[in-house]
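Asks: Since chain Y is already given, all that's left is putting chains R and F on it; use the hints.
Chain residues, written in single-letter form:
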Amino acid sequence: MSRRVRMWILAVGGLGFAALFAAACLRLPGFGGDSHPYGERAVRAALAHRTANVIAAVNFDQRAFDTLGEESILFAAVLGTVVLLRQTREEREVPPEPARVPLLVRRYALVLLPVAIVVGLYVVAHGQLSPGGGFQGGVVLATALHLLYIGADYHALERVRPVGVYEFGDAAGEGAYLVLGLAGFVAGSSFLANSVIGHGTFNTLASGGTVPLLNMAVGMEVACAVVVLLARFLDQAVEIEEEKGT
Amino acid sequence: MNAWLACAALLLVAGLLPVVWGTARGPLGHRAMAQNCGTSVVCLVMLLLAQGYGRPAYTDLALVLAVLGPVGTLVFARLLADELGEAPRWARPATALAVGATALVVIASCVATGPGRAAVKVALVGVLLAAGNVIASRDLSAAHRDGGHG
Amino acid sequence: MTDALVLISLFAVAATATAAVVVRDPARQALVLSVLGLALAVLFTVLQAPDVALSQLAVGSALTPLLILLSVRKVRRRGRREEGER
Numbered sequence: 001m002s003r004r005v006r007m008w009i010l011a012v013g014g015l016g017f018a019a020l021f022a023a024a025c026l027r028l029p030g031f032g033g034d035s036h037p038y039g040e041r042a043v044r045a046a047l048a049h050r051t052a053n054v055i056a057a058v059n060f061d062q063r064a065f066d067t068l069g070e071e072s073i074l075f076a077a078v079l080g081t082v083v084l085l086r087q088t089r090e091e092r093e094v095p096p097e098p099a100r101v102p103l104l105v106r107r108y109a110l111v112l113l114p115v116a117i118v119v120g121l122y123v124v125a126h127g128q129l130s131p132g133g134g135f136q137g138g139v140v141l142a143t144a145l146h147l148l149y150i151g152a153d154y155h156a157l158e159r160v161r162p163v164g165v166y167e168f169g170d171a172a173g174e175g176a177y178l179v180l181g182l183a184g185f186v187a188g189s190s191f192l193a194n195s196v197i198g199h200g201t202f203n204t205l206a207s208g209g210t211v212p213l214l215n216m217a218v219g220m221e222v223a224c225a226v227v228v229l230l231a232r233f234l235d236q237a238v239e240i241e242e243e244k245g246t
Numbered sequence: 001m002n003a004w005l006a007c008a009a010l011l012l013v014a015g016l017l018p019v020v021w022g023t024a025r026g027p028l029g030h031r032a033m034a035q036n037c038g039t040s041v042v043c044l045v046m047l048l049l050a051q052g053y054g055r056p057a058y059t060d061l062a063l064v065l066a067v068l069g070p071v072g073t074l075v076f077a078r079l080l081a082d083e084l085g086e087a088p089r090w091a092r093p094a095t096a097l098a099v100g101a102t103a104l105v106v107i108a109s110c111v112a113t114g115p116g117r118a119a120v121k122v123a124l125v126g127v128l129l130a131a132g133n134v135i136a137s138r139d140l141s142a143a144h145r146d147g148g149h150g
Numbered sequence: 001m002t003d004a005l006v007l008i009s010l011f012a013v014a015a016t017a018t019a020a021v022v023v024r025d026p027a028r029q030a031l032v033l034s035v036l037g038l039a040l041a042v043l044f045t046v047l048q049a050p051d052v053a054l055s056q057l058a059v060g061s062a063l064t065p066l067l068i069l070l071s072v073r074k075v076r077r078r079g080r081r082e083e084g085e086r
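Protein chains in written order, with UniProt numbering: chain Y, 1 to 246; chain R, 1 to 150; chain F, 1 to 86.
The following block holds chain Y by itself, in its conformation from the complex (with noise of 0.2 Å):
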């Protein structure tokens, strides 16, 4: 396609957006107005299953099914990223130098991992009271872990990182919310329709119905994605070089 072309259809294609986004534009609702028909509705929705944060009903219960396509395409990203960024042949594995840090930043991030993670895991549980959930809780988790990378070297996290386990959660978090939503099914509704188990004390750990447990297998998801990514990452910037000649 030569230059003149593609021009014309950008031009085509942005008049197009500039006259459709201007029509919606001049039919939207007054800014700041009083009546909000979908938030009240989705309030509504949400104390109906005592669920003290609507954003997180909103995305669990009411709208279930597009965070299991988010979740989705972090899982196939990061898939995508595992299988670019694996050991060719033409790739061999240098063990990287013992790296010299701080004994004040090795303090400061022995005392902070369990810190992380105990702040990861309040994240990921109070999801359904609170600002937060397993997206947010899960990145926690993660970054906790690599303290030991910023505290030590990497060949300290290595050991204590098996990256075949993290796979494993990170599939298993995915699947786990598939069978939360085929759960809906057995329990005689639809799919990841919030009426599997009770919906709980309105502002307690233990409400929202599903919406907890679809936190916790969104966590497990993210957390384990994300050591996994940064494990491939941290594999090429740190240990792997070309061979010679190649």
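Treat the hints as calculated values from the structure; they're not laboratory data.
It is possible that part of the hints are untrue.
Pairs of lysine to aspartate or glutamate residues, derived as EDC-like cross-links and limited to a Cα-Cα distance of at most 20 Å, are as follows [stated by the list, open to error]:
#1 K74/F with E93/Y
#2 K74/F with D82/R
#3 K74/F with E83/R
#4 K74/F with E97/Y
#5 K74/F with E242/Y
#6 K74/F with E241/Y
#7 K74/F with D25/F
#8 K74/F with E239/Y
#9 K74/F with E243/Y
#10 K74/F with D235/Y
#11 K74/F with E158/Y
#12 K74/F with E90/Y
#13 K74/F with E91/Y
#14 K74/F with D153/Y
One-sided excerpt, in silico: chain F residues whose CB lies under 7 Å from chain R [as the list claims (entries may be wrong)]:
#15 M1
#16 L5
#17 T16
#18 V32
#19 S34
#20 L38
#21 V42
#22 L54
#23 S61
We put the beta carbon where it would ideally sit given N, CA and C, even for glycine.
Replies: Chains R and F alone, transformed into the frame defined by chain Y:
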């Protein structure tokens, strides 16, 4: 008009804008130190916003940032150790200022929330933030002296 | 007051995002990007979207810099090797 929100706005103007300026120009070591200050500024803004909006749950934002922010700076110190260069002369005063501001905001928030688990959480955020800021700042300065460490 | 907070945050995001584009070296960009993440988190919070702000903080403060810097290190190492062979 809410005094907490006014303080948050003031801190954003007086703190975050210099941080943006500092990270966008100058030698690499100066930029990294400015980024370290940014963590403290935004963490304190989050604490002030939690008070200003009357939503204790927003403290979780400050908690996560107090844990992960210094880790991010240590990542920079670790992987850019060869290029960091000398730490800026304002590193010590800036760190002292950040720790002082942390103490001020945390004590004010604790007094406002009253004794209880919420106050303990705010105090924990303060301790993590102050310790993280000091250690990251010292590591940024030390990374230059030792040369690269792995 | 709330409007002033939103305006200040918007300005900070716009300034940092511009800086992230103007700065050309990837390592320096990673530093600006991490400050951009902080500014975005403040913007999301003042717009009352703490869940999004928490996601931004979790990903932006340590994970993104680590991924970028590891990639930079890998690319530079390969560059050095190729220069050495010439």
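Asks: Classify the hint on S34/F as holds or violated, based on whether any CB of chain R lies nearer than 7 Å to its CB.
Replies: holds, 6 Å
Asks: Going by Cβ atoms only, is L5/F closer than 7 Å to chain R?
Replies: holds, 5 Å
Asks: Could you grab the alpha-carbon distance between K74/F and D235/Y and see if it respects the 20 Å cut-off?
Replies: holds, 10 Å
Asks: Given the proposed pairing of K74/F with E158/Y, does the C-alpha separation stay at or below 20 Å?
Replies: Since the Cα atoms of K74/F and E158/Y sit roughly 19 Å apart, the hinted pair holds (cutoff 20 Å).
Asks: Run the distance test for K74/F versus E93/Y: straight-line Cα separation, threshold 20 Å.
Replies: holds, 14 Å
Asks: Starting from K74/F, check that the Cα of E91/Y is at most 20 Å away, please.
Replies: Roughly 13 Å separates the two Cα atoms, so the pair holds.
Asks: Verify the proposed pairing of K74/F with E90/Y, using a straight-line Cα cut of 20 Å.
Replies: Distance of about 16 Å is within 20 Å: holds.
Asks: Given a cut of 7 Å on the nearest C-beta pair, is the interface hint for T16/F held or broken against chain R?
Replies: holds, 5 Å
Asks: Has the given pair, K74/F with D82/R, been kept, meaning a C-alpha gap of at most 20 Å?
Replies: holds, 15 Å
Asks: Given V32/F as an interface hint, is the shortest Cβ-Cβ distance to chain R below 7 Å?
Replies: holds, 5 Å
Asks: For a C-alpha distance cap of 20 Å, please report whether K74/F and D25/F respect it.
Replies: The hint holds at about 15 Å.
Asks: For the pair supplied as a hint, K74/F and D153/Y, is the alpha-carbon distance within the 20 Å limit?
Replies: holds, 17 Å
Consistency with the previously given hints is maintained throughout, with no hint failing.
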